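If you read the sequences in order, they're chains A and B.
Residues in the first sequence are numbered consecutively from 1, following my numbering.
Residues in the second sequence are numbered consecutively from 1, following my numbering.
For the record, the hints were derived by calculation from the structure and aren't laboratory data.
All figures in this text were calculated on a predicted structure; none of them were measured in a lab.
Note that beta-carbon positions come from the ideal geometry of N, C-alpha and C, so glycine has one too.
Just so you know, not all the hints are guaranteed correct.
Simulated restraints on C-beta separations [as the list claims (entries may be wrong)]: (1) Arg370/B <-> Val143/A: 46 to 56 Å; (2) Pro33/B <-> Gly76/A: 30 to 40 Å; (3) Gln184/B <-> Gly76/A: 21 to 31 Å.
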Amino acid sequence: MTRYLLSRFAQLAVVVFLVTSIAFFLIHVAPGDPFADAVANPNVSEAVRARWREAYGLDKPLPEQFVRYVTSVARGDLGWSFSKQRPVKAVLSDALPNTLLLMSIALFASFAVGIGLAVAQALKPGSLTDRVIGGISLFLFSVPEFLLALVLLVLFTYKFQRFPIGGMTDLDYPSFTPIRRLADIARHTVLPAITLTLLFSAVVARYQRAALQDVLPLDFVKTARAKGLPERVIVRHHALRNALLPTISLFGLAFPMLLTGAVFVEKVFSWPGMGSIIVGSIDSRDYPLLMSAIIIGSVLVAVGSLLADLLYLAADPRLRDAR
Amino acid sequence: MRQLAPLTALLLIALACEGDKQSASSENAAAAPGGTVVISSGGEPDVLFPPLSATTTGQQITDLVYDHLADLGTSLNTVGDEGFTPHLAKSWTWSPDSLSIQFHLDPRAKWHDGLPVRASDVAFTYAIYTDSATASPRAPLVASVDSVTAPDSLTAVFWFSKRSPTQFFEATDPMVILPEHALQGIRGQALRTAPLARAPIGSGRFRFVNWTAGASVEIAADTANYRGRPYLDRVVWRIAPDPNTTFTRLIGGEADVLEDPSAAELTELATHRDIRATLLSGLDYNFIQFNLHDPASDSRPHPIFADKSVRRALTMAVDRAGAVQSVYDSLAAVAIGPTVRAYPTTDTTLREISYSPDGARRLLDSLGWRVSGADSIRRRNGRPLEFTLTVPGSSRNRVNMAVIIQNQLKQVGAKMNIDKVEFAAFIDRETRHKFDAMMGGWHVEASPAGIRQTWSSAGAHAGGSNYGSYTNPTFDAQADSALSAMTLPERRNLFKHAYQTIIDDAPAIWLAEPKNSVAIHRRIRTPALRPDAWWSSVAEWWVAPAERITRDSIGLRR
Chain A
1 MTRYLLSRFA QLAVVVFLVT SIAFFLIHVA PGDPFADAVA NPNVSEAVRA
51 RWREAYGLDK PLPEQFVRYV TSVARGDLGW SFSKQRPVKA VLSDALPNTL
101 LLMSIALFAS FAVGIGLAVA QALKPGSLTD RVIGGISLFL FSVPEFLLAL
151 VLLVLFTYKF QRFPIGGMTD LDYPSFTPIR RLADIARHTV LPAITLTLLF
201 SAVVARYQRA ALQDVLPLDF VKTARAKGLP ERVIVRHHAL RNALLPTISL
251 FGLAFPMLLT GAVFVEKVFS WPGMGSIIVG SIDSRDYPLL MSAIIIGSVL
301 VAVGSLLADL LYLAADPRLR DAR
Chain B
1 MRQLAPLTAL LLIALACEGD KQSASSENAA AAPGGTVVIS SGGEPDVLFP
51 PLSATTTGQQ ITDLVYDHLA DLGTSLNTVG DEGFTPHLAK SWTWSPDSLS
101 IQFHLDPRAK WHDGLPVRAS DVAFTYAIYT DSATASPRAP LVASVDSVTA
151 PDSLTAVFWF SKRSPTQFFE ATDPMVILPE HALQGIRGQA LRTAPLARAP
201 IGSGRFRFVN WTAGASVEIA ADTANYRGRP YLDRVVWRIA PDPNTTFTRL
251 IGGEADVLED PSAAELTELA THRDIRATLL SGLDYNFIQF NLHDPASDSR
301 PHPIFADKSV RRALTMAVDR AGAVQSVYDS LAAVAIGPTV RAYPTTDTTL
351 REISYSPDGA RRLLDSLGWR VSGADSIRRR NGRPLEFTLT VPGSSRNRVN
401 MAVIIQNQLK QVGAKMNIDK VEFAAFIDRE TRHKFDAMMG GWHVEASPAG
451 IRQTWSSAGA HAGGSNYGSY TNPTFDAQAD SALSAMTLPE RRNLFKHAYQ
501 TIIDDAPAIW LAEPKNSVAI HRRIRTPALR PDAWWSSVAE WWVAPAERIT
551 RDSIGLRR
C-alpha cells in the first residue's frame, strides 16, 4: 500500500508539473499585458512601463522566466500578484480557505442529497416521484451556474429578504461576539452553498440512479427479494453499496467541477474566494496569481482522483485483492 | 415604448435632483455628526498608496484619507489658482516672477497617528512621486516642478524652471501629501510592500480603519481633524465583482451609493423613491480611430485611411446623433472632438463634419471608389473599400455602436467587419498598431494636457498613445500654444483652433461623450458633486437624524 501511495504521489507531482509548464507558456503567449490598464492611461510613459516589467522580471526571455518561476515555486515563493499588489501566498491564504469551506459543504451535501434522491427514485422506478425527481435533476443539470445563482440571489435576498446580498460577513462583523460571528458566516454561506449543492446533487442523482438501475436486476438482488426482504432494505443495504462505484468515480471529478462552479457562484454572491481570484487574474493577466490558481486546481484534480482510487479500494474487495 | 422608458426615468431623476437642491438648503441646519455610508463597489483597490494606486476604488479611498495641498474646485479650472480651495496649505504666495509658489501649511494639521504634518513631508512626497525607482504613473503629471524645498517646518516651496498656466494645478492636484516618518528608509519597489500601502496614515478628514481582502474597506471620521470632523461616522466600500450584485445591494438597502449605474439600472432606479440618481458631466469620450499606417508594415501608409478625404467621407456616412441616441439614450452626448464638455477650455461651437450619406457617396465617387459588382461594395483599382473595426468585447455600448455604424457604412458602399476581442487583446493590438480601425475611448484627467500624448506627433511613436499615428504639425503647434496660454479665454480660443484642425483632418469619427452618474440613497444629503470625482465632498455629506437607519447609529465603533 505504501509503495502504491508513493507511486501515486510521484504521478501527482509529474501531472502538476506538466500542467504548470504548459499553462505557463500558454498564458504568456496569449495576447495582452499585465499592465493593460496602465497602457490605456496616456500618463503612464513607456519608461514607467518598462520599469514595471523589469521589476517583475517580465523583460527576460520566456524560458528564463519559466526557470525562475519554477525555482521560486520550489522554494515556496509563489511570487507577487500584480493586480492585488501583495504576495500571491497572502492572497491565496485569504481566498483559498473560503473556497474550500464552500466546496466542502457543497461536496458532502450534494453527495448526501444526490444519493438520497437516487434511492428514492430507485425504490419506485417509473413512479411520479421518479419522474418528478428526474425532471428536476435534468433541469438543474442543464441550467448554467450563474443563472441559478442570480435567480436565488434576487429571490431570497431582494424579493423575500431572507438572506444577505452577497459577501461572507456582515458590515459589523468585527463587533460581533464569536458565536454571532459563526452564525453570521453561516447565514452568508447558505445561498452560495445551496446553489453549488443543487447543481452538483443533480449530477450525483443522475449517476447514482443509473448505477442502481444496472444493479437492481442482478442475481444477488433477486436472491434478497426471494428471501422476502423489504424493497427499502434491498436497495439501501444490498444494491446501493454495489452501485456506489460509478459514484466514487464522480467523487474524483467533483473537485474540478465544484471549483469551476465556484468561479461563477462566488462572483454572483461576492464570495471572497478563489473564483473571483481566478477570473480577476485572467482579466488582468496577473501571471503569478493565475499560475498559482492553476497549480491549486491541478492539485485538487489529482488529489480528487487519488481519493477516488482509494475509496474504490475500500469499496471493492476484488481490487484490493488484485493489488 | 422601449425608447420612452429611459427618458421617463431621466425626467424623474432630474425632478428628484431639483427637489433635493431645495430641501438641502433648508435642512442644512439639521446636519449633525453620525451616519454610515456604504458604497457598492465593483472593484477592490489594488493598493492604498497614492503614487502607485491604479484603481478608481483605491483613488476614492486615498483621496479621503490623505490631503492635497489645495483642492481643485467643481469648475475644473486648471489655469492659475482660481477656484482652488485650501486644504493642507492654509494659504500660498506666488513669487514675483511666478517661478515658485510658497505653500504655508496649516499648523494644526496632524497625521492620524498624532504627529504633526511638516513641510519636510511635502518635499519627501515630491521625491517619492518623482523617483524613477518608484515608477509612479503620476510622475509625468508633476514633470514641470523642478524641485520642492522646505525652508521651515511650515513652508514648502515648489520651484519651476519656466512659467506655465497650470503650475498651480501640477503642484497640488497630482500628489497627496505622504507621511515621511512612516516610510523611513523605504524606496523603490519596496514601497509596494510597506505597511502604509495597505493601512494608510493620512491627514485627511477620514482615517483608515480596515481592509478585508475581497470584501470591504472601511474608513471613519477623524474627530480631531484640523479641517473639522466630517458629518459621517463611517464610509464603507463593499466589494462585489458582479454588477448585478452591486446593483441589488443598492436597491436591497445594503448599500447607499452606486457609481455609474447602467441605463437599464437607471430606469429601474426611477421606481425606487428612496434612491436618487445624479448625472454628472463625463470625462470620457469615445471614437472610431483610423490607423493611418498599414498594420502590416508601419512604414507604409494605410491603403484606405491614409487619404483624408476617404476618412471625411466615412465620417459623413455615420449618423452619430442617431447612433448615440440608440445606444446611450440621454446618458451621453455626441462627442465634439478629442475633448469633453466638462473642460472650461472646450468651445462647443466647433464646426463638425455633418451627416450626409449622399455627400459621402459623391465624395467617394469623386475619389475613384465606385460600386462595381453584385456585392454593392465600392472598389478602386480592384481593392474593395473594406476594413476591420476592432472592438473591446467587454464594452457592450461600444459593440452595439459598432453594429449600428456597420449598417450605416454599408449604405454608402463601405464594408466594415467587426472583430470583437477581449480587453487585454484589444490593448495589445492597439499598442502594436495592428488594426485598421478601432473603437477606442479615453478617460481624461482634469487638465487637457493629455492631448499631447493621445493625438499629437509626440504620442505617435512606438510606446506612445497616439495609436492611429495621426500627425499634423499645425495641430501640434496649436495644441502646444493652447496649453501654454496663460489665461482661460486665450486658452479656450487656441484650443478651438486646435480642435477644429483635427476635426477637419478626421483621424477619427468622434462618437459619444458618456455622462457619469451616481445613485445615492435619499436619506444622504450631499453638496454639488465634482464631475471628475463625486466622492471628493464625502466629508460634507450628512444624514438627517430623523432618517437614520440601524447602521447609521453604530457610531465610530473603534
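### Message
Assuming the hint says 46 to 56 Å, is it satisfied by the Cβ distance from Arg370/B to Val143/A or not?
### Response
Holds: the Cβ-Cβ distance is about 54 Å, inside 46 to 56 Å.
### Query
Do Pro33/B and Gly76/A keep their Cβ atoms within the hinted range of 30 to 40 Å?
violated, 49 Å
### Verdict for Gln184/B, Gly76/A (Cβ pair) under range 21 to 31 Å
holds, 30 Å
The structure is inconsistent with hint 2 alone, although it conforms to all the rest.
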